[in-house]
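J.: Chain residues, written in single-letter form:
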Amino acid sequence: MDLVGLLGFNVFTGVATLALITLGLGVIYGMMRIINLAHGEFMMLGAYTAVVAVDAGVNIWVAMLVLPPLIVGLIGLLIERAVIRFLYGRMMDTMLATWGISLGLIGLVTTLYGNVVRGVSTPVGSFEIGRYGASLYSLVIIAAALAALGGMLALLRLTRFGLILRATMQNPRMAAALGVSPDRIYMATFALGAGLAGLAGGVLAPISGVSPAMGAAYIARAFITVLGGGPAIITGTGLAASLFGTINELVAFRTTPVIGDVVLLLAAVLLIRVLPQGITGRYLRRSL
Amino acid sequence: MSDPMISRRSALRIGAMAAGTVAMPFFARNGLAAEPIKLGSLLDGTGALGLEGKRMIETTEYAVDLINKAGGLLGRPVKIIAYDTQSNMQLYTQYAQQLALKEKVDVIQGGITSASREAIRPILGRSKTLYFYNTQYEGGVCDRNVFCTGTTPAQTVNHLVDYALKTWGKKAYIVAADYNYGHITASWMTKFMKEGGGSILGTDFFPLDVTNFSSAISRIQQAQPELVLSALVGANHSGFYRQWDAAGMKGRIPVGSSVFGLGDELTTMDASTTNGIVTCYGWYNNLPAPKSVAFVKGMQAKFGADVTDLSELDTATYDGIMLWAEGVKKAGTVEREAVIAALESGISYEGPTGTVTMDGATHHTIRNTYLARPKDKAWDLLATFPDQFPSDTGGACDLLKNPRTSKQFTPDLKG
Chain P
1 MDLVGLLGFN
11 VFTGVATLAL
21 ITLGLGVIYG
31 MMRIINLAHG
41 EFMMLGAYTA
51 VVAVDAGVNI
61 WVAMLVLPPL
71 IVGLIGLLIE
81 RAVIRFLYGR
91 MMDTMLATWG
101 ISLGLIGLVT
111 TLYGNVVRGV
121 STPVGSFEIG
131 RYGASLYSLV
141 IIAAALAALG
151 GMLALLRLTR
161 FGLILRATMQ
171 NPRMAAALGV
181 SPDRIYMATF
191 ALGAGLAGLA
201 GGVLAPISGV
211 SPAMGAAYIA
221 RAFITVLGGG
231 PAIITGTGLA
241 ASLFGTINEL
251 VAFRTTPVIG
261 DVVLLLAAVL
271 LIRVLPQGIT
281 GRYLRRSL
Chain W
1 MSDPMISRRS
11 ALRIGAMAAG
21 TVAMPFFARN
31 GLAAEPIKLG
41 SLLDGTGALG
51 LEGKRMIETT
61 EYAVDLINKA
71 GGLLGRPVKI
81 IAYDTQSNMQ
91 LYTQYAQQLA
101 LKEKVDVIQG
111 GITSASREAI
121 RPILGRSKTL
131 YFYNTQYEGG
141 VCDRNVFCTG
151 TTPAQTVNHL
161 VDYALKTWGK
171 KAYIVAADYN
181 YGHITASWMT
191 KFMKEGGGSI
201 LGTDFFPLDV
211 TNFSSAISRI
221 QQAQPELVLS
231 ALVGANHSGF
241 YRQWDAAGMK
251 GRIPVGSSVF
261 GLGDELTTMD
271 ASTTNGIVTC
281 YGWYNNLPAP
291 KSVAFVKGMQ
301 AKFGADVTDL
311 SELDTATYDG
321 IMLWAEGVKK
331 AGTVEREAVI
341 AALESGISYE
351 GPTGTVTMDG
361 ATHHTIRNTY
371 LARPKDKAWD
381 LLATFPDQFP
391 SDTGGACDLL
401 KNPRTSKQFT
411 PDLKG
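Protein sequence lines correspond, in order, to chains P and W.
At the far end of the first sequence sits residue 288, using the UniProt record's numbering, and the numbering has no gaps.
At the far end of the second sequence sits residue 415, using the UniProt record's numbering, and the numbering has no gaps.
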């Protein structure tokens, strides 16, 4: 019974982690059809922001939850203005450009902070599930993922900005005809996606080794989850993360993490074969 | 607009300058009384292994500096010809050929990962270039052309397991990196545990890009071992120790590791995460012996006070160069056969780690090893094991009797 509790808790954590690392990518891909290969590096920048801020004496919660999305969002904004905005509608070119940016960011951070593993300590302790120990910090990850998904949902559904965002996504020309500047909206969306990636990096910093190349370890799963989720960004991310996260955690527990990843990939291949448009391409099509 | 054409005079001038530059080494060589001895260095100064490699490169410079300040070898200065292999296997083979065939160096010191060693070992064997491999590794290389100065599992992992069996219990769980180092080290851990009357409840291997260890930690908890042995490697795997601590496992199940702390774990991780993880290496940076203190002081004087992360990788590099120098002195020449014969005669010298003796039969070092655990970001020395013999091949490797052997022995679990 204790074990079931621990496993259930791990599954929730796995799902939350997956949702958190995917959301930023989903926003950029879902809204603008840009495959952002620098997503992992945006996470890495978020993690570095947290580490540097904690070292500078900033409160750890501010350093993890507030600063990374702001700073990485700002960096995303700069990159969008400098590079991405010239490439809208050219998928191959944006892939190449963002890949170049990702290599550049890894090089830059290596030059600035060295090729070393850094980290911050987890701010909360552990608790007991029966005779098993589990990390309280997992609750922080779950809360952060719920807050990010809920926040995005509220933003898209309840605010005027969200309405304009959805309109631009559906039909940029019509939106432009009604006085909206798609250029501005794209800029804001890219910064938003980058900020969410930064948040993921900041939240995951205490439980992973923070190094310039850390993004590579997350990016593949994020892409699979976005593709599996389909066009509805929030529902899709949530559903795909729940499906893949559960499969991965359970299989990894029964066998090894390697087999866990293999089965996750197999599940993704099957899903894309059956639902080429992702889960929300067939079901819940009117959701966000 | 300037004239784009090169006039005849300027062409002549450029030509003369170029000829002079090309001929320069020739003049310079004749100008000096003694031609320098060439020491080739192949280490990763940049890339994934740059952190470790940078210090090893600095150690190489420091050791050669000391030799030259003491008058060089055989009255000749020693010159380093170093290439940065950039954590790239292809560059290892390319630069090894360049050093051996073009520069015709007298010895090559270097290689960090076992993969890089295996990439260049055959090249240097074919070109008959003496090779020193200076890192702690999984042991078992048996090759007349190669001398290994780092510690091997028979010198370290056995003590780690021994300590674990005596202090913690008999039931162990092994977590290791999924490549040759992790697999071979896990085999050693299993072998030593079983020989000591213990049992292994499970062994999990993790590719180097695994970051989420929650399922692994749950599996370990379910198996309920009395101790965990880790051969996890690299930046992503450092997450294991953080997540282990975060799950509150730190106080419940003790951890011993064969690699922890060789990088910068002690300076970058929280004391609560690192405290108490027991390790066994050939050297720790706060050993009180005078030679050890002098090594750290000397490195800091040359490269700055921030050189606080020296490890066994660096002292083994130092040992490699110094043992080679002793061999050259004894042989009276840098000629390969004579130096190998001198080294096989059982050369010994006093270094930062204590007395280091080259074992002629295995081409590995007989050296002291130490057991220690981190305590508030410094090493707390638990035990010293003097003159440990590199018995990894169990007597199967005898290069004095069978000089033509060239293979790597791995532990036999059936035996």
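Since the hints were made in silico from the structure, they are not lab data.
Every residue gets a Cβ at the ideal spot worked out from N, C-alpha and C, and that includes glycine.
Please note: incorrect hints may appear among the correct ones.
[Unchecked claim] Just the calculated beta-carbon pair ranges, DEER-fashion:
#1 W:D380 / P:G57: 22 to 30 Å
#2 W:V293 / P:L266: 52 to 60 Å
#3 W:L208 / P:L155: 50 to 58 Å
J.: Hints first: check each against the structure and report whether it holds.
T.: Outcome of the hint check:
{"no.": "1", "hint": "W:D380 / P:G57: 22 to 30 Å", "result": "holds, 29 Å"}
{"no.": "2", "hint": "W:V293 / P:L266: 52 to 60 Å", "result": "holds, 57 Å"}
{"no.": "3", "hint": "W:L208 / P:L155: 50 to 58 Å", "result": "violated, 38 Å"}
In summary, the one numbered hint that this structure violates is 3.
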